[in-house]
Amino acid sequence: MRWLLLKDLQILRRSPLLVVLLVIYPIVIAVLFGLALSGGPEKPRVAFANLVPPGESEFSVGGRTLDAADYAGRLFDSIDPIRVSSREEAIEKVRTGEALGALVLPENATERLRATLGLGGGDAPTVEVYYNAEDPVKRRFVEATIEARLAEANDALSDAVLREAARYIDVIVRGGNVDLPLVGAIEILGLQRSRAIVDSVAAGQPRDSPERVALEQVSRFARLAGDNLDVSRPILASIGSPVKVEQTVVNGSRTPLDAFAVAVVVAVSLMLLTLLLAAGLLALEREDQTFARLVRRLVSRSSLLAEKVVLSALCALVVTLLMLFGLAAFVGLDWSRVPAWLAALLGGALGFAAMGVAIGGLAREVRAASLLAFLLALPIVFLGLVPSGSIDPALFDVVNVVSGLFPFKPTLRALDGAINGGELLLPILHLLALAAVFFVIARVAVRRLA
Amino acid sequence: MRAEALVKRYGTREALRSVSFDVAAGEKVAVIGPNGAGKTTLLQILAGALEPTSGTVSLDAGDVGWVPQHPALYGKLSVAENLRLFARLERVPDVERTVERMLEQTDLRGRAGDEVSRLSGGNRQRVNIALGLLAEPAVLLLDEPSASLDPRQRDRLWQFLSALGTTVLFSTHDVGEAERHADRLLVLADGELLFTGTPAELETATGAAAAAPDFETAFVRFLHDRGH
Numbered sequence: 001m002r003w004l005l006l007k008d009l010q011i012l013r014r015s016p017l018l019v020v021l022l023v024i025y026p027i028v029i030a031v032l033f034g035l036a037l038s039g040g041p042e043k044p045r046v047a048f049a050n051l052v053p054p055g056e057s058e059f060s061v062g063g064r065t066l067d068a069a070d071y072a073g074r075l076f077d078s079i080d081p082i083r084v085s086s087r088e089e090a091i092e093k094v095r096t097g098e099a100l101g102a103l104v105l106p107e108n109a110t111e112r113l114r115a116t117l118g119l120g121g122g123d124a125p126t127v128e129v130y131y132n133a134e135d136p137v138k139r140r141f142v143e144a145t146i147e148a149r150l151a152e153a154n155d156a157l158s159d160a161v162l163r164e165a166a167r168y169i170d171v172i173v174r175g176g177n178v179d180l181p182l183v184g185a186i187e188i189l190g191l192q193r194s195r196a197i198v199d200s201v202a203a204g205q206p207r208d209s210p211e212r213v214a215l216e217q218v219s220r221f222a223r224l225a226g227d228n229l230d231v232s233r234p235i236l237a238s239i240g241s242p243v244k245v246e247q248t249v250v251n252g253s254r255t256p257l258d259a260f261a262v263a264v265v266v267a268v269s270l271m272l273l274t275l276l277l278a279a280g281l282l283a284l285e286r287e288d289q290t291f292a293r294l295v296r297r298l299v300s301r302s303s304l305l306a307e308k309v310v311l312s313a314l315c316a317l318v319v320t321l322l323m324l325f326g327l328a329a330f331v332g333l334d335w336s337r338v339p340a341w342l343a344a345l346l347g348g349a350l351g352f353a354a355m356g357v358a359i360g361g362l363a364r365e366v367r368a369a370s371l372l373a374f375l376l377a378l379p380i381v382f383l384g385l386v387p388s389g390s391i392d393p394a395l396f397d398v399v400n401v402v403s404g405l406f407p408f409k410p411t412l413r414a415l416d417g418a419i420n421g422g423e424l425l426l427p428i429l430h431l432l433a434l435a436a437v438f439f440v441i442a443r444v445a446v447r448r449l450a
Numbered sequence: 451m452r453a454e455a456l457v458k459r460y461g462t463r464e465a466l467r468s469v470s471f472d473v474a475a476g477e478k479v480a481v482i483g484p485n486g487a488g489k490t491t492l493l494q495i496l497a498g499a500l501e502p503t504s505g506t507v508s509l510d511a512g513d514v515g516w517v518p519q520h521p522a523l524y525g526k527l528s529v530a531e532n533l534r535l536f537a538r539l540e541r542v543p544d545v546e547r548t549v550e551r552m553l554e555q556t557d558l559r560g561r562a563g564d565e566v567s568r569l570s571g572g573n574r575q576r577v578n579i580a581l582g583l584l585a586e587p588a589v590l591l592l593d594e595p596s597a598s599l600d601p602r603q604r605d606r607l608w609q610f611l612s613a614l615g616t617t618v619l620f621s622t623h624d625v626g627e628a629e630r631h632a633d634r635l636l637v638l639a640d641g642e643l644l645f646t647g648t649p650a651e652l653e654t655a656t657g658a659a660a661a662a663p664d665f666e667t668a669f670v671r672f673l674h675d676r677g678h
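Order-wise, the sequence lines are chains A and B.
Quick note on numbering: our numbering labels position 447 of the first sequence as 447, and the sequence is numbered without any gaps.
Offset between the second sequence (1-based) and our numbering: plus 450.
Read the hints as simulated data drawn from the structure, not as lab findings.
Just so we're clear, the structure is a prediction, and the values are computed from it rather than from any experiment.
Cβ atoms here follow ideal geometry from the backbone N, Cα and C, with glycine treated the same way.
Don't take every hint at face value.
Stated by the list, open to error - To be clear about the criterion: a stretch of chain B counts as covered by chain A if any three or more of its residues have a C-beta under 8 Å from a C-beta of chain A, and this derived list gives those stretches:
#, segment
1, 466-474
2, 535-543
Stated by the list, open to error - What the simulated footprint calls covered on chain B by chain A, stretch by stretch (three residues with Cβ under 8 Å from a Cβ of chain A suffice, anywhere in the stretch; the number is not a length):
#, segment
3, 489-500
4, 521-530
With the sequences and hints as input, model every part of the structure.
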């Protein structure tokens, strides 16, 4: 096997273009995958028309003055706004495709808000949203973004209102000063102090006098009202955020997106490099007509396959380990886990190399082997990246089983575990089992080659 | 070398039908026959590159040098590197001396450092034959060794093979070449061994010696008379 290994290395050394392509191409593909995964969708361009007259966007809640434009501005964190001055202009931006959506704050928005908050009745203020449905992916993103931000703005408004309501209740119970529109600052006695006054007046009345009985009734009412209004403050506060969210991870780990993208990038590179190398090296023996000469009596078929597996796995291991070192410098990975990286890469490389020789055994030429490797590799990657919950559960089970038949998903799990500290042993055992199965398939396939 | 009742089946198709023959030491035997007769299958079985369905071959594969129809060489390696690699895999006692000997025999010393992919078809075939001779086999099997060569290269090839003195069994489409260079012929058709004997005996067997203008015509009539 030693001489065959040296021979293959010599052949690779004399094919610099092939080697460069074998190294560069998977890395480029992998980096593109990584960028697609780690970068969020770009901010969609959304036309924004604020039709509320200047100076009219403020409204008052209790004694506090708020600006509706501040709440609308929260949307701008998630979109790329194009400010326009009219509804028609905003819609035109959407129609021409310059903007994916348009957001219009109508002229009467603040006025309606004031009426609603002042318990004056009437319709609630409306924000108009226009979409461009040409790109369903972006449209979905705009819809989700705008709905989420509007919900946040609504929450913020209701919080402000509830805070003021709670303050009013506090003044009613305990007494204090409030600022009222047109009236100005007034002092409120409060139920507690009113009750104290009533109690002191009642105490000065004859025990069975009708005035004392009436005053005691007023006192009881003041006590009951005070106690119950006091309780109503936390209830009101809970209305602002009736449901609190507590997140618990059931499966998988809390892998940061960047670190997961590194695992994907390295797994894709490892897959393409190892598959192409192993499949190509074995197919090359066929193309050079040397396979039959070798296995006639010089080496066994299993030894020849093992040599291709070892060589391609080692080459891919070196390249992807260097790649991981390079990425670690940017993403900030834990260097103390390098032995785990090595174990995961080796497991993955063996799995892919065995699959590669199976492909090389089935295809008779290098070009056919490379094409077959690509045709198999890409869907395997896509299947391996399908998240649970994104498709029908039954279909996901099928996807899971199919992914488990190929080394990409276990390699990704092993690398994720190695890089981010998750499960490592099981995926590596899975990879070794797959390597054994693919080796047997390759062994059966090469019987045809002679 | 003795082959006894060799049978090879691919599914229901019989590529060889109970083929038996002997080859004496130092003899040069040509296997001739129409396309699909089973010539390559027979040579592959004799070389140990293919398992027969049934039947036996007396010589071990280690005693047989095999020269496949298409040069089985690494195009990216030089002539000397190919010879050295296969000499090591053959576990010959003195690799460098063997490589030197083969370069000398094939007259390729001047091209020893050239990549095989840059050699002419004739030179590639010489390296191909040299690989078959590396282990100094008792019998050399050649599958259509002159198929891709021009007349001058063919002539040099047969000079080279004649000078070897080794037992040679070769297949060919060129019956004239078989008549000129073989001591004995094996005629195969549809996997069946129809004839074994000298070229002159084949002509006698057809009874066409007087009528046929050349050996090739006599051979075609022989096949025709037997329903092929």
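What are the numbers of the hints the structure violates, in ascending order?
Of the numbered hints given earlier, the structure breaks just one, which is hint 1.
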